[in-house]
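Q: Spelled out from the first residue to the last, the chains are:
2 protein chains.
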Amino acid sequence: MTRSELFAQIQQKSSFLCVGLDPDLNKIPSHLLKEKDPVFSFCKQIIEETADFAVAYKPNIAFFEALGARGWETLAKVEELIPKDIFTIADAKRGDIGNTSKLYAKAFFESMDFDSITVAPYMGEDSVTPFLEFENKWVILLALTSNKGSLDFQLIQDQNGKALYQSVLEKSQAWGTPDNLMYVVGATRGELIGKVRKAAPEHFFLVPGVGAQGGSLSEVAKYGMNSSCGLLVNSSRGIIYASNGKDFGKAARKEAEKLQLEMKDLLDKYL
Amino acid sequence: MTRSELFAQIQQKSSFLCVGLDPDLNKIPSHLLKEKDPVFSFCKQIIEETADFAVAYKPNIAFFEALGARGWETLAKVEELIPKDIFTIADAKRGDIGNTSKLYAKAFFESMDFDSITVAPYMGEDSVTPFLEFENKWVILLALTSNKGSLDFQLIQDQNGKALYQSVLEKSQAWGTPDNLMYVVGATRGELIGKVRKAAPEHFFLVPGVGAQGGSLSEVAKYGMNSSCGLLVNSSRGIIYASNGKDFGKAARKEAEKLQLEMKDLLDKYL
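First to last, the protein sequences are chains A and B. Note that our numbering has the first sequence beginning at 3, numbered continuously upward. Note that our numbering has the second sequence beginning at 3, numbered continuously upward.
In case anyone wonders, no lab produced these hints; they're calculated from the structure. Where hints are given, some of them may not hold.
[As the list claims (entries may be wrong)] Under the rule of at most 25 Å between Cα atoms (straight-line distance), these lysine to any residue pairs were calculated in the SDA-like manner:
id, chain 1, residue 1, chain 2, residue 2
1, B, 139, A, 70
2, B, 108, B, 135
3, B, 150, A, 134
4, A, 108, B, 40
None of these values were measured; they are calculated from a predicted model.
Chain A on its own, in the form it takes in the complex (with noise of 0.2 Å):
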C-alpha cells in the first residue's frame, strides 16, 4: 500500500485507528475454545466488526507463534481476510544481519501479504535495509517505545546531547524514504511525540500504548499530526477485550467506533 492510498483511507474513514490484534487464548470469550480454530475465530468476528473504523490492524506475532505451526496458518489465515483497502502491520519486532533479515521480509511480505513489518534498529543499516527493498512494503523502526524500559536505553545521550532515539530517526532517514518507513512513537509522552515529529516531518507514526498503557489521543494528535494525518495509533486490549462474553464482537465495535468519532473530531480540528 502506498502512503497516498493509506491516507485516502483515514480521509474516508476520518479514521486513523490500528485494532491491535492480540489474541490471547487465556483472554478470549471461552465459548469460542470450542470452535476448531479459536484463534481464527475470534479475530475474524473482531475484525468483521471492527473495519468501518479501522484502517489499519497489527497482529502481534508472539501470540500467533506461541501456538506453534497452528498459530503460523492461522496467521496466515487471518492476514488473508483483512480487506485489501486496509493497511496490515506484522508486529515482529524483527532485526538481524542481512541475509537472515531478507529471509524474513519474504516470510511477512512474500509468503504472506503484510504491508509493513516491525524492525529493531539496534543492529544497525544492514538489519533495516533488507526489509525496504519490497515495493510498497512498509519498515515501521522502534524508535521510541511506551514501555518502562525505553528509559534503559533509547534516552541516552551521546556527547552533542542527542538521544539514541534521535539518532535512530536520523540515521534511517538516510535508509528509507516517508514512502516506505516509519517509526514506532510511545504514546506515553506528549511532548516526545512533538520532539520526533520535529526530526521526521513527514513519515508516519505507529503509536501504541494509548488506552491500556496509558497514552492521551488528544495529545498525540496535537504534537503529531502532519498534514497527511502521518498517525496510526493502535488500540489492542481496549477493543478486542471490551466484553468476554457472546457480544464480544459488539463491544468491540462500539470501542473501535468511539475512538474513530474521537479521531474525526481530532482530524477536523488538525488537518
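With chain A's structure known, arrange chain B on it following the hints.
A: What follows is chain B alone, placed relative to chain A:
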C-alpha cells in the same frame, strides 16, 4: 542446562563449537529436495555428523519461519533431535514488551525445549526479564554484533564516553546473572572482545563471525576466554555448506573436527 553442565561438556569434548543451522533451500544439496522434508533431512544429517565436536546448536529461526507453518514444525522436530546434553540456542533476536516477551519465552522454552534464545536489548529491562524467569533457561543478549551496521548505534558514546554496548552490558548485569545471561559478542574485533570480557568477566559469550564473517578464532580465545571457557564460537556456513554434494555430512564433520582441534589447542593454552 546449567553453566556447570555446559562447562563440563566443553571439557569433555575439548570444544566450544556452536554449529549454526541456517538451512537454505537454495543452498542445501539438491538430492535432498526430493525428500519429504528436505530441511529436516539436512539438519538431521548435519547434527549426526557434527555432534561429537559441537557443544551447541543454533538454529536461525528466520530460515524456518521463511517456510511458514511447515517450517515451524520442522524447527520443533530439529530441536527434539538435538542430543539433550548439547546446548540449544533459538537464534530469534526477539524483543518486545513484557506480556509479549513472555509469550515468545513460552514458545521457545516450553512449547519447544530450547535452552536459550537470542534477545535484542533496544526496548530495555521489561523486554528482557520475562525470558529470565525460566529455570535453567538462558537469554543471550545482543551486545556487540559483528555486522557492518553494528557501527551505527552500538558504538555511540554517551557523555561519559561509555558506548551503547557497554551500557547494555552494565545494565543487563542487574537483570540476569552469569547463570542465565550470555552476550552476543562479534568476533570481527579482537581487542573489543577483550573490553567486553573486562565488563562481564563471568558471563558466557556467543561469538558469531568466525569463518565466513571473517573473525579469527585465536584472537577470540586470547581476548575472550575466562576460567570456565566462557565462549561459544559459532560457525554456520563454513560447516553446513562445506559441500553441496551427497558427501555434505562428511564434509561438515571434517570442518567441525578441524575447528574442534583448533579449539582443543586454545583450551589447553588458556584454560
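Q: Determine which of the earlier numbered hints do not hold for this structure and return their numbers in increasing order.
A: Structure breaks no hint.
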